[in-house]
Structure formats: C-alpha cells, structure tokens
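Novice: For the protein sequence lines, the chains are A and B, in the order given.
Reminder that position 66 of the first sequence reads as 66 in the working numbering, one-by-one numbering, no gaps.
Reminder that position 2 of the second sequence reads as 2 in the working numbering, one-by-one numbering, no gaps.
Keep in mind that the hints are not guaranteed to be accurate.
[To be verified] Listed next, the stretches of chain B that the computed footprint assigns to chain A, with coverage defined by at least 3 CB atoms under 8 Å from CB atoms of chain A:
hint	stretch
1	6 to 13
2	22 to 32
3	36 to 44
4	53 to 62
5	68 to 76
6	85 to 97
[Unchecked claim] Computed Cβ-Cβ distance ranges for the label pairs, DEER-style:
hint	chain 1	residue 1	chain 2	residue 2	range
7	A	Pro176	B	Asp99	20 to 30 Å
8	A	Gly139	B	Asp99	45 to 55 Å
9	B	Lys94	A	Gln102	21 to 31 Å
10	B	Asp102	A	Gly127	43 to 53 Å
11	B	Ser59	A	Val160	23 to 33 Å
12	B	Gln106	A	Leu108	45 to 55 Å
13	A	Phe148	B	Asp102	45 to 55 Å
[Stated by the list, open to error] Coverage of chain A stretches by chain B, computed from C-beta distances (three or more under 8 Å per stretch; other residues unrestricted):
hint	stretch
14	22 to 34
15	37 to 50
16	58 to 65
17	71 to 82
18	112 to 124
19	156 to 170
Please keep in mind that the hints were generated in silico from the structure rather than gathered at the bench.
For glycine and all other residues, C-beta sits at the position ideal for the given N, C-alpha and C.
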Amino acid sequence: MPLPDIIPFIGLGWSDVLFLLLGGVVLAAAFGVVFGRDIIKSGLFLILTLGALAGIYVMLGAAIVAGAQVLVYIGAISVLILFAIMLTQSKVASVKLAFQTQVVPAALAAVLLAVLFGLAFGSTEWGSTVFTDTPAATGTAPVAAALFGPYLLAFEIASVLILAAVIGGLYLAMEPKADEVGEDLP
Amino acid sequence: MSQIAGNLEPYLVLSGMLFAIGSFGFLARRNAISMLMSIEVMLNAVNLAALALGAFIPSLAGQGAAFALLIIAVAAAEATVGLAIVIAIFRNRKTPLVDEYDTMRQ
Numbered sequence: 001m002p003l004p005d006i007i008p009f010i011g012l013g014w015s016d017v018l019f020l021l022l023g024g025v026v027l028a029a030a031f032g033v034v035f036g037r038d039i040i041k042s043g044l045f046l047i048l049t050l051g052a053l054a055g056i057y058v059m060l061g062a063a064i065v066a067g068a069q070v071l072v073y074i075g076a077i078s079v080l081i082l083f084a085i086m087l088t089q090s091k092v093a094s095v096k097l098a099f100q101t102q103v104v105p106a107a108l109a110a111v112l113l114a115v116l117f118g119l120a121f122g123s124t125e126w127g128s129t130v131f132t133d134t135p136a137a138t139g140t141a142p143v144a145a146a147l148f149g150p151y152l153l154a155f156e157i158a159s160v161l162i163l164a165a166v167i168g169g170l171y172l173a174m175e176p177k178a179d180e181v182g183e184d185l186p
Numbered sequence: 001m002s003q004i005a006g007n008l009e010p011y012l013v014l015s016g017m018l019f020a021i022g023s024f025g026f027l028a029r030r031n032a033i034s035m036l037m038s039i040e041v042m043l044n045a046v047n048l049a050a051l052a053l054g055a056f057i058p059s060l061a062g063q064g065a066a067f068a069l070l071i072i073a074v075a076a077a078e079a080t081v082g083l084a085i086v087i088a089i090f091r092n093r094k095t096p097l098v099d100e101y102d103t104m105r106q
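Pulled out of the complex, with its shape left as it was, chain B reads as follows:
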C-alpha cells in the first residue's frame, strides 16, 4: 500500500543522512554552542534509527522506544553539563569560539 513509509530502509537512510549532517557540523563549526547543537542532531538521528528498528522488527517491539527514552534522558544531562562548561569558559576567555581556546598550546 505505502511503498516508502511502509519499509524500514527509508527511515534508516534518513537517520544516516541526519547523522552525517550532524557530524559535519560538529567537525566544522567554530562556535562551541553550534557544536553542541550538532551533537543534539546526531543523538536524534540515533533515536530515529532505534525507533525504526523497534517498529519494524517484531522481536524488538517496545525496546526501540525504551532505548530512545533513555537516550533522551542522557541527552538532557549532556546538554546541561555541556552548556554549563561553555558558559564557564566564556566567563574566563570572553569568546565562544573553540579555535581561540589555545592556552595549553602556547
């Protein structure tokens, strides 16, 4: 009936593309908060893959959603600590750009 939304592979391909976009943002952006946002995008890609596998493979029913809920909890903890670290560094160095944090290189 539904040729695209009724198959497993389109969800996994969307998840893989989202993860690749997030990894590019993490590697390429200069702003520390942009890097944290890219990490959130990558975590959501993993959530999408887990939910797709849980919805389509009968022996994994319910486990995908359980994994996704645990990942959301860990992501909340990661965002709290990461943003607190960024604000603490910003208070000392007055810049959010990661390539200007070069004290240990001098």
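So here's chain A without its partners, still in its complex pose:
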C-alpha cells in the first residue's frame, strides 16, 4: 500500500518534513559548534552539521556533491580539525571564557547579516523557479559539462592550489631543527 502524498494531520508532504528535520538538525548543530564550551564537542557538532547538509544536498538532486561532502568534509577536514584540537589543547590553559570581549557587537552584526539576507532574498525576483527533479537534470552529466566546459581553467587552478596548500602546510607545520636555525642568514 503506497503512502499518501500528504501526511494527515500536518498537511505537509514527506519532502517538507524531511527538509524541516534536516534543516533543524543543521541549525541546531551549527549553534552547538558556535556556542559550545568544549571544543571537542564543537568539532563533533561540526560533523553533524556537515552530515545533515549532505542530506539536504541529496534532496536538491546533487548526489555527487553530497558524496564529495561526506568524503572531503566529514572524512578529511573534520579529522584534520580534531587532530589539531588534540595537538593544541593544553590542560594548563583550560578555556573558561569561550568568547572574546566583542561578543555583543559580533551578535549584533550576525543578526543584522541574517536580516539583510532575508530582505535580499525576499526582494529578488528569481524568475521561473522550477524544481528539475528529473534524472536528466540531476545526474552528473550537466555537472561534468559545466566543470569541464566553462570552468575548466578554475578546475585546473584548484588542483594546483591543493598541491601548493599541501606543500605549504607541510612546511608550516614542520618542526624547525635547532642546529639549522640561523645557518642560512648572511
């Protein structure tokens, strides 16, 4: 027996409920990232935010981006951040104050930014917005056509950027040897 299109008693479709659920998880976990006292918990909430966002990407028909999100963000960047947290947290400097003294102006700026976004989204005429949820539109073929067509130069530059970032990160995080300090100075 197929499920009804509209959930009874709520009057919303299944995708609406899914969107509200995932969006609520995203916002709540983002608040946990920003307001959490314990930075390890902030890192774990960041993983939850990124995972729920991957679900919203699937709802938007961009399964390839959701896969890249899980692989790159959850698999690589979050692990990198958790390692950096473990390397830089010392027991001596336990953080009592999580926020700087400019927390009130920062909150005002963030609220103002949100209001500005709302006004801009509300006042823009987007033209005909059709949700193209068909396999031809949501497959990887148009993504590949865009990525290897007009954005080919940006794609190549991104690969060079990642190589430079890896080499630069290795150099920055390298332990400086004590007997070599000052040898290269003239």
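Go by the hints and put chain B onto chain A.
Specialist: Chain B alone, transformed into the frame defined by chain A:
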C-alpha cells in the same frame, strides 16, 4: 505538492541563517580552531545557496554543483594551511587563544 521543499526561498533562508551563525562564531570565539570551524560553516552555507540556485533555476543546471565542488576543493586547501598556521603559532606561544597573540602590540 510540497509547499516548503519545492520552493527556492526556504533553502536560501536556511543558507543565510547558517552563514550568520558562522560569522558570529568567527567574530566572537577566542580559540583559533573554533574560528576555523566557523569558516567551514560559512563555506557550507555558500555551497547550499549555490546548489539551491542550480537546482531551481533551469539555466543554471549543473553550474551550481560545479561551483560547490570547486568551493569544497578550496575549503580543503584553506583548512590545511589554516590548521598548519595554528599549530605553528601554538608551538611558539603555547596557547590557541587568539587574543593572547599580542606581540606586535607591545
């Protein structure tokens, strides 16, 4: 059929709220790694907006996902270099709190 998930505006509003939360974290947190995590939240908000526009506007089909993939690549590079800088500073100053990096002010 679907009143919320079938429209463009809810995705954009969610993206804007996520960006505002990330900007608050970047401005207000003391820990350098918390600031980097807030930057990741902001980049994901931009990704969500790009994907929503690509999914709902027919002339942008595929371009939103291409933008999002490029942004993910740039974010990976940014996280690598940013965390390496934080670790390099921590090795010298023994603290990850940004308001104690005040050598140039003294």
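Novice: All hints are to be evaluated individually against the structure, with a verdict given for each.
Specialist: Going through the hints against the structure:
no., hint, in the structure
1, 6 to 13, "holds (count 8)"
2, 22 to 32, "holds (count 10)"
3, 36 to 44, "holds (count 6)"
4, 53 to 62, "holds (count 7)"
5, 68 to 76, "holds (count 8)"
6, 85 to 97, "holds (count 10)"
7, A:Pro176 <-> B:Asp99: 20 to 30 Å, "holds, 26 Å"
8, A:Gly139 <-> B:Asp99: 45 to 55 Å, "holds, 49 Å"
9, B:Lys94 <-> A:Gln102: 21 to 31 Å, "holds, 24 Å"
10, B:Asp102 <-> A:Gly127: 43 to 53 Å, "holds, 51 Å"
11, B:Ser59 <-> A:Val160: 23 to 33 Å, "holds, 30 Å"
12, B:Gln106 <-> A:Leu108: 45 to 55 Å, "violated, 30 Å"
13, A:Phe148 <-> B:Asp102: 45 to 55 Å, "holds, 48 Å"
14, 22 to 34, "holds (count 7)"
15, 37 to 50, "holds (count 6)"
16, 58 to 65, "holds (count 6)"
17, 71 to 82, "holds (count 6)"
18, 112 to 124, "holds (count 6)"
19, 156 to 170, "holds (count 10)"
Checked against the numbered hints given earlier, the structure breaks only hint 12 and satisfies all the rest.
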